[in-house]
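Trainee: Spelled out, the chains give:
Number of protein chains: 2
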Amino acid sequence: MSRISESTVRRLSHYYRVLQEVDAEGKRLISSHRLAEREGITSAQVRKDLSYFGSFGRRGLGYHVPHLIEEIRSILGLDRRWRVAMVGAGNIGAALLAYRGFAGQGFDIVAVFDRDPARIGQRLGLLTVLDIAELPAVAAAQGFDMGVIATPIRAAQEVADALVAAGVRGILNFAPRKLFVPEHVALRTVDMTVEFESLSFALSQSLAPKRRRSDSGRGRSRP
Amino acid sequence: MSRISESTVRRLSHYYRVLQEVDAEGKRLISSHRLAEREGITSAQVRKDLSYFGSFGRRGLGYHVPHLIEEIRSILGLDRRWRVAMVGAGNIGAALLAYRGFAGQGFDIVAVFDRDPARIGQRLGLLTVLDIAELPAVAAAQGFDMGVIATPIRAAQEVADALVAAGVRGILNFAPRKLFVPEHVALRTVDMTVEFESLSFALSQSLAPKRRRSDSGRGRSRP
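Heads up: the sequence lines are chains A and B, in that order.
What the first sequence shows, in our numbering, is residues 1 to 223, in sequence order.
What the second sequence shows, in our numbering, is residues 1 to 223, in sequence order.
Okay, chain A solo, but in the shape it has when bound (with noise of 0.2 Å):
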C-alpha cells in the first residue's frame, strides 16, 4: 500500500473531483472511459488506479458513484480533519486563508505565524498572526498535524525544522528551495515555475515541432 505513487494520489484526487460533479449531478453510476474522459487518460488507467485499493466496479455498469467517494475519500484521509499551522502571513499565506475550499475537504488552517514585528498581532482572516517564537508552546497546547511554509527562501529550512519539532508529521512548502526533513514527516513543495514550464513546453512544441533535433548552433531561417 505504501508503493503507491505519487502520479496515481494525484489522479485518486482528480477522480474525486468528478465524482464529486457527477455526484451533485444526481448519478449514481459512472463509468471508467467517463472518469477516465475528464482528464485526458485512459480507462485501463482509471481501472488499474482503482484496483489498488480493491475492485469497486462492476463490469457493463460501471463504480457506484456514492460508495466510490466514500472510498476514495477515506483513501485520501479526508474523512478526518487535520489541523494546519501556516508560517507566513504574506501574500501566499493571505491567498490560502482565504481560499475556503481547504476547510471543506478537511483541511484547518487554525493557527498562522510569522516573525515580522508588523505583522505580528494583526488580523488575517478570523486569525491573529502569532509570533513564530510561540510555535513550539502553541503547538504543545493545540497540536498541528500539518505546515505549510509560506515564508521567503532564505527563511525555509529554518521554519520547516522548527514546524518538525512542533511535531507536525506532513509540511506543504511554498518556498522555491530544496528541504530537507526526517523521513517520517511527508514534504510537498509547490513550484509555481513548474507550471510555466509546463505551458511553454506546450507552447513551444505547437510552435517549432521541427525545431528539436539539436540543431541548436545553426541559424534559423526566416519563411
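Check the hints yourself; a few may be wrong.
[Said to hold, decoys possible] Here are the simulated lysine-lysine pairs, DSS-like style, with alpha carbons at most 30 Å apart:
id, chain 1, residue 1, chain 2, residue 2
1, A, K48, B, K178
2, A, K27, B, K178
3, B, K48, B, K27
4, A, K27, A, K48
5, A, K48, B, K48
6, B, K48, A, K178
7, A, K178, B, K27
Rather than coming from a laboratory, the hints here were simulated on the basis of the structure.
We have chain A; now place chain B onto it with these hints.
Mentor: Relative to chain A, chain B alone:
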C-alpha cells in the same frame, strides 16, 4: 513528440533544477542515478525520460551537465522569453508578481488586469493594474503568449474566454474549477487542495495502514 506525458515534462523541470544546482557547484558530469536520487525516482526512469529527446548520456560517464541544461532548456521552451498577462490583482496575483523566479526562467508578467474599480490604477509591483475591459486593446498592441487566471471562481470561465479571444495560447488557472478552452490553447490548473490531499494520504497511510480494507461502518476500538 506530442505524446510526451505531462508527468515526463514535470520530471524534466525537476531534472533542470537539479542540473542547475549541480552546475552551480561546478560539476560537469552527473549520473542518471544522481538525477534520480534527488527526486526519489529510478535511474531507469531518468534514462527513459531523457531518451525521448535523443540520447545525451555516455555509459559509465553520465550526462554532461551544461549540455543537458541547454537541451532541457530548449525542450521546455525556456530558451526564449514569454509574455504573460495576469488577470486578478488579489492575493494570489500579488504573490505571483512578487515571486522573482518567473522572470529568471523567461516568464515576464507584463500586464495585470482586474475588474474591481478599487484595484484598477493601483500599483502592483512594477505594474499598474489595468481595467479588464482594456484586455483586447492591450493584447492587440503588446501581444501576450500566456495568461494567468487569479480571479474568484465565478469569473474564471469568462476571463478564460477573454484571454483566448486576446490570442494567448497557454493559460495557468488558479481558480479551483474546470475551465473550457479551445484545443489549441494549453491549460494547466493549479489546485492547492490536491497538494493537501497528497499530504493527508501520506499521513493516513502512516497512521493506520490496516484501516484501508473497507471496514467502514464498523466501530473502531481504541487500543
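Trainee: All the hints need checking, so say for each whether the structure fits it.
Mentor: Verification of the supplied hints:
no. : hint           : in the structure
1   : K48/A - K178/B : holds, 24 Å
2   : K27/A - K178/B : holds, 19 Å
3   : K48/B - K27/B  : holds, 23 Å
4   : K27/A - K48/A  : holds, 23 Å
5   : K48/A - K48/B  : holds, 22 Å
6   : K48/B - K178/A : holds, 24 Å
7   : K178/A - K27/B : holds, 19 Å
Violated hints for the displayed structure: none, as all numbered hints are satisfied.
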